[in-house]
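In order, the protein sequence lines correspond to chains A and B. In the numbering used here, each number is its position in the first sequence, counted from 1, plus 63. In the numbering used here, each number is its position in the second sequence, counted from 1, plus 8.
I should point out that these hints are in silico values taken from the structure, not numbers from a laboratory. All values derive from a computational prediction rather than experimental measurement. Virtual Cβ for every residue (Gly too), placed ideally from N, Cα, C. Watch out, some of these pointers could steer you wrong.
Claimed, not checked - Partial list, derived from the structure: chain B residues whose beta carbon lies under 10 Å from chain A:
{"hint": "1", "residue": "T51"}
{"hint": "2", "residue": "P122"}
{"hint": "3", "residue": "N123"}
{"hint": "4", "residue": "N133"}
{"hint": "5", "residue": "V140"}
{"hint": "6", "residue": "S142"}
{"hint": "7", "residue": "W149"}
{"hint": "8", "residue": "D372"}
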Amino acid sequence: MIPVLILLLIVGRFVDDAFFTSKNLLNVTLAQTELGLIVLAESLVLIVGKFDLSLESTIGFAPAVGIVLVVPEAAGGLGTEWPGALAIPICLAVGALVGAFNGLLILRFKLSAFIVTLGMLIMLRGLMTGVTEGKSLFELPDGFSYLGNTKWFGVRAAIWLVGILYALGIVLLTWFRHGRALYAIGGNEDAARAAGIRTTRITWIVFILAGVLGAFAGVLMTGRLGSVGAAQGDGMIFLVFAAAVIGGISLDGGKGTLFGALCGVWMLGLITNILTFGGVDARWLKAIYGAIILVALVITRITSGKAQD
Amino acid sequence: MTALPVTLNPGGGTGAMAGEASPAIATPAVVEAVAVTKRYGGTAALDDVAITVAAGETHALVGRNGAGKSTLVSIITGLQAPDEGRVLFHGEPAPSLSDRGGWRSLVACVYQKPNVIPTLSVAENLFLNRQVASATRPISWKRLRADARDLLESYGVDIDPSATADMLTVEQRQFVEIARALTAGARFVILDEPTAALERPAIAKLYTHLRRLQEHGVTILYISHHLREVFDLCDTVTVLRDARHIGTAPVASLTEDDLVSMMTGDTVSRRPWRTPTSDTAAAPALAVRGLAKAGRYDDVSFELRPGEIVGLAGVGSSGKVEVARAIVGTDRADQGTVEIGGTAVRTGSVAATLRAGLGFVPEDRHAEGLVPLLSVAENATLTVTDRLGRAGFISGGARDRLAAKAIADLDIRTDGPSQPVGSLSGGNAQKVVMSRALARQPRVLVLITPTAGVDVQSKESLLDVVDDAAAQGTAALIVSDELPDLRVCDRILVMNEGRITREISAGWGDDELVGAMEGIGTATTDTKELNQ
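All chains, please: the whole structure from these sequences, using the hints.
Written out as structure tokens, the structure is:
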């Protein structure tokens with residue numbers, strides 16, 4: 064992972080002098096913050112052995128709900144006009160509820176995680192369109208704008224926050240028993256259960272956490288862009304999986320590190336940046352991302368020697 | 009049959025040690041199951057079964073497939089509750105089923121299916137969920153590795169604690185599971201067929217581990233098909249047969265013959281031996297030479313004449329199913345040749361064997377025999393779709409006609425050719441698989457465990473079909489360890505640990521065949537003794 068990043072930095076430096084400046088690199092990092100948070104959430108879910116496709120809709124839906132309950136009707140709100148301070152908590156609560164509902168269908172009713180969260184992806188996007196009447200929301204409560212734009216020690220708050228959350232995740236998964244349990248459950252759920260790990264409860268919590276992280280990513284994205292776009296997050300899930308797979312997270316569960324996932328996120332950002340500097344048309348980017356996913360999968364298969372599902 | 013120095017309990021009761029009066033003050037047994045009965049639907053999996061395992065002893069549990077061993081184990085490990093009877097640990101009633109922690113501190117079972125986390129290290133697997141005293145304290149990986157190393161050394165086992173669990177060999181993985189159970193506090197370990205997947209050198213290593221455990225005073229319940237191991241390792245043996253407790257005795261007081269007799273007992277109505285219909289003058293319909301696959305079977309060679317029915321018998325790890333799969337083309341062999349009707353066939357291609365004139369009934373009809381949502385007609389004609397019409401077209405009429413013939417010939421109970429095969433009973437579904445195999449009028453018919461999960465009447469009628477096919481010139485190979493299946497064979501090739509070790513002609517006694525399969529050399533009789 065690290066060698067590839069270094070390689071990319073070197074390549075970028077050759078492509079354009081403006082690449083290797085702290086301003087540019089920070090910009091790249093900033094553009095990846097929301098993707099980074101979703102990748103963090105998705106990685107947790109993948110490690111525990113499940114899938115969550117709905118996160119790309121949560122990133123738009125959750126802040127949308129928080130905002131429409133708070134802003135006046137003239138600005139697109141529902142007319143309830145609750146106190147502005149509630150916007151962010153509501154947003155996070157919505158994320159938690161989505162995660163809890165995913166968990167209910169997948170763990171209690173034992174439905175396929177892939178199909179359930181795919182259905183949620185579509186449903187939430189539909190709900191969002193219904194709630195916002197298809198319009199973007201431009202009037203934001205103060206909390207959103209603050210988090211999206213403020214700088215701490217010269218670096219955007221978003222970057223700090225994502226960094227801290229990743230650090231917390233890495234510490235929890237490496238040094239704490241309940242974090243290790245994620246790997247056990249993803250690696251062999253029966254063995255984990257036989258060892259006394261409460262697999263259903265922990266997996267449910269992971270889904271809820273993923274929902275909250277998705278909602279928080281929505282807060283940051285909304286704040287940074289200054290609005291909740293009607294199509295916020297649309298199509299993002301492909302990049303999320305690309306970053307996770309490149310970062311070494313196994314789609315079978317039980318394998319991969321959050322640090323690796325973070326590197327995967329950063330790598331995608333650097334590649335986009337280099338291609339832009341190199342003058343590659345933005346229309347080719349999707350094809351390139353797709354090719355990267357395929358190459359990453361092939362490499363993972365060769366290095367691990369096991370068939371993937 | 010020699011007089012057996014053991015308490016025979018056809019109706020059940022506690023398996024007391026033979027000839028010993030109960031001591032006035034006895035240490036409570038580690039585990040005691042009393043009058044346990046468990047039913048599934050109408051059949052009893054266990055009927056008034058009892059077992060008592062004393063502290064520190066290695067107690068063997070033996071019985072043929074279906075005797076009730078797995079059910080008993082699932083009850084003693086708290087995965088199911090008995091319908092009647094009770095289980096006691098150290099004289100106290102067993103914990104409730106939901107108290108997994110309680111059960112974990114009393115008993116641990118090492119199954120054939122691996123129960124480790126393959127992506128994590130050995131050290132972490134050993135202390136799974138107990139890496140640290142409290143959930144809010146961070147794990148010290150250095151401490152964990154050191155603890156793991158100490159633990160493995162104390163048992164004299166050479167496993168690298170930092171290796172990932174998926175790199176362990178089978179007997180190493182088994183030991184990690186045992187060690188994990190012991191550090192979690194259990195002093196009683198159940199080993200379910202521990203040597204089933206092991207080669208000789210690995211078995212020797214397992215013996216050393218087990219002897220070490222015995223020295224440490226661990227109580228072991230040892231389940232195995234390999235009676236040799238019972239005599240090598242165990243103090244006491246309990247025999248189950250057809251869901252009942254037959255007897256319990258110190259191993260030292262029994263001979264191998266005694267044990268085999270207890271396991272087979274008196275079998276029910278027997279099929280009369282068939283009159284051979286083989287054409288000894290003709291060229292072999294199936295010739296297998298030097299078939300070998302690393303770790304599974306070696307140097308397997310035999311021939312089938314037209315009209316002959318040959319059995320290929322052996323216990324689970326004997327390799328008989330793997331050999332059969334190589335012959336029919338589902339798997340590939342490393343070496344050796346297969347010739348069907350004189351034509352050499354490349355292993356690993358079912359299409360090739362079908363073209364050469366082979367038909368087969370696979371081991372598991374649910375996995376490989378039937379498409380449950382398709383109709384009886386479609387399933388029965390799946391092997392002859394090229395004969396149902398021209399240029400790839402399938403004529404519904406032709407298909408239904410063929411299916412109707414198969415239904416009549418094999419007496420398949422179904423509403424009609426268009427009934428989805430998934431709704432048929434086991435016996436009738438297996439008949440559909442059989443008709444699929446026969447559809448191309450093969451010169452060689454291979455049947456792998458053909459009567460598994462089939463009711464008694466259908467069993468007989470399936471075997472009658474094989475008998476008739478052989479009488480008409482088909483050569484048949486029956487791969488099974490069920491005695492009724494093997495009774496229809498003219499001769500039986502017994503496999504042990506990957507090699508053909510014996511050939512037994514029709515007219516064999518049950519004890520002789522079971523003994524040969526289990527790997528015990530009883531007096532061989534190759535001469536035909538026609539028992540009626």
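Status of each hint after checking the structure:
1. T51: violated, 27 Å
2. P122: For B/P122, the interface hint holds, since the closest Cβ of chain A sits about 8 Å away, which is under 10 Å.
3. N123: Because about 5 Å separates B/N123 from the closest Cβ in chain A, which is inside the 10 Å limit, the hint holds.
4. N133: holds, 8 Å
5. V140: Constraint on B/V140 satisfied, holds at 6 Å.
6. S142: OK, holds: B/S142 within 10 Å of chain A, min 8 Å.
7. W149: holds, 8 Å
8. D372: With a minimum Cβ separation of about 21 Å from chain A (threshold 10 Å), the hint on B/D372 is violated.
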